[in-house]
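With these hints in hand, go ahead and build the complete structure from the sequences.
From first to last, the protein sequence lines stand for chains F and L.
Counted from 1, the first sequence has number 11 at position 11 by this note's numbering; the numbering is strictly sequential.
Position in the second sequence counted from 1, then plus 1000, gives you this note's numbering.
None of the hints are false.
Straight-line distance between alpha carbons at most 25 Å, and here's what the computed DMTMM-like set of lysine to aspartate or glutamate pairs gives:
1. F:Lys188 x L:Glu1195
2. F:Lys188 x F:Asp161
3. L:Lys1048 x F:Glu195
4. F:Lys58 x F:Glu21
5. L:Lys1119 x L:Asp1161
6. F:Lys48 x L:Glu1195
Honestly, the hints are just simulated from the structure, not real lab data.
There are 2 protein chains.
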Amino acid sequence: MRKIADSTVRRLSLYLRFLEEFEGQGIETISSGALAGRGGTTSAQVRKDLSFFGSFGKRGLGYSVPELVQALHQILGLTRHYRVALIGAGKIGSALVENRGFRRRGFDFVAIFDRDPAKIGRALGGVQVEDVAQLEASLTRTHADIAVLVTPPEVAQSVADRLVHLGIKSILNFAPLQLVVPANVTVKTVNLALELEALAYHLANPN
Amino acid sequence: MRKIADSTVRRLSLYLRFLEEFEGQGIETISSGALAGRGGTTSAQVRKDLSFFGSFGKRGLGYSVPELVQALHQILGLTRHYRVALIGAGKIGSALVENRGFRRRGFDFVAIFDRDPAKIGRALGGVQVEDVAQLEASLTRTHADIAVLVTPPEVAQSVADRLVHLGIKSILNFAPLQLVVPANVTVKTVNLALELEALAYHLANPN
DNA sequence: GTAGCTTTGTGAAACATTTCACAATGCTAG
DNA sequence: CTAGCATTGTGAAATGTTTCACAAAGCTAC
Ligand SMILES: NC(=O)c1ccc[n+]([C@@H]2O[C@H](COP(=O)([O-])OP(=O)(O)OC[C@H]3O[C@@H](n4cnc5c(N)ncnc54)[C@H](O)[C@@H]3O)[C@@H](O)[C@H]2O)c1
Ligand SMILES: NC(=O)c1ccc[n+]([C@@H]2O[C@H](COP(=O)([O-])OP(=O)(O)OC[C@H]3O[C@@H](n4cnc5c(N)ncnc54)[C@H](O)[C@@H]3O)[C@@H](O)[C@H]2O)c1
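Okay, structure coming up:
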């Protein structure tokens, strides 16, 4: 398949969210323009994004909301659930694992690891915290698809190395540093200080 | 000033981080290639990014680390501190406000608002939680530059409207929805479910 | 002072993404 | 069945971003 831009994939996720909203309101059919209007983009962008994957609309009419929801689930790989391991049961980590929204969208936390003896053994969001020393033994049993890395930055790279060695191909990283991983592993880093700095730039240089 | 791409601004923030690391190690001078190597980009990219703002290096030698740190602080608007208001003292919100890293980078939480009577009056990260009903009265006194919005999604838009009305120009939003704001207000939305879906896409469609 | 080496700064080229614009299509009404 | 209308799907154009490649500059050694 032709290489799809990351910006396109992110918009598809957004469209899916809006479509589910429309579906909840009982709306049967939607035009590219109406979908675009909901998300701050343009109708041409919506149609182009979808056209990379096929032809889902009816000319003169628009898109069937349930059909497009289904198609986007297919495209984004959301027809299955994903098994997620959390590394670091700290403040951010526990907020994530206790959030109902992820399970609702098909991301199930199946394992939690920490180094702090005070946390090991306690349950968070229905999952028992394990010793990170057991990472290898436990994850080979658990078969996680995605790792969410929420440790202090000092240990993040070494934990990432262990995850890669275990065959993990997708990491969502919150530690404020650039993880080094092989090319076949996808890392998305959420760097909040960087977001604040981008806001500061816009305050300092208003257009 | 010529319009600068968002991707450029984000890389400048990264460069600054790496430079501070190098500075801490007592490194005096660095080439674009070495800086690029640290951050997974290319030397031409580094030089091009910097060239939008001026000429900071010495040919044949590279960049003075302290000088470039200073220049980037200037460019990104980090020579001053920013006053940040937090709206929503829940799990994510309290993790943010208790995190030392933000103050270290010049982002000071100066006000916290919540609706929950159990939270109002308690202190978080040294700041007392106020009733969100007092938002207008308190923020006009406090003069925040940036608002971090961490309420449930149902109320996020109405809180954002109040912030905009108070003259806030920068919002960091964690609620999983698209905020509608005037064009002169900058919003950065951190949507974690969307990040996970992008990872799912890559698992479903490996290249 | 000059030769040799390194590295910057930057137009130009290559590549990527978004926007435009319109033919093709299907629906509705009569 | 036909006319009129709305909307898709998509090449082509426009715009934006990254990479290339090289002249210009400065340092070091002699
Ligand atoms: N809290 C924030 O607002 C915030 C903002 C931006 C970035 N971050 C980053 O997110 C990460 C976590 O932040 P936090 O606030 O949740 O910190 P935290 O200190 O509350 O949690 C970190 C957790 O990681 C555990 N840990 C330490 N070493 C470990 C190891 N080797 N293996 C497994 N677990 C280990 C600790 O025991 C702790 O429970 C940090 O990298 C932080 O810089 C946090
Ligand atoms: N926790 C996560 O992992 C996670 C992940 C992704 C997104 N989010 C989003 O971040 C936001 C906060 O998440 P959380 O886990 O901290 O939720 P939370 O329920 O722990 O916190 C929300 C806080 O907002 C307060 N609040 C409610 N209405 C308010 C109002 N009108 N004004 C001010 N405060 C108000 C509540 O009292 C509560 O303290 C939500 O929008 C959530 O969807 C959370």
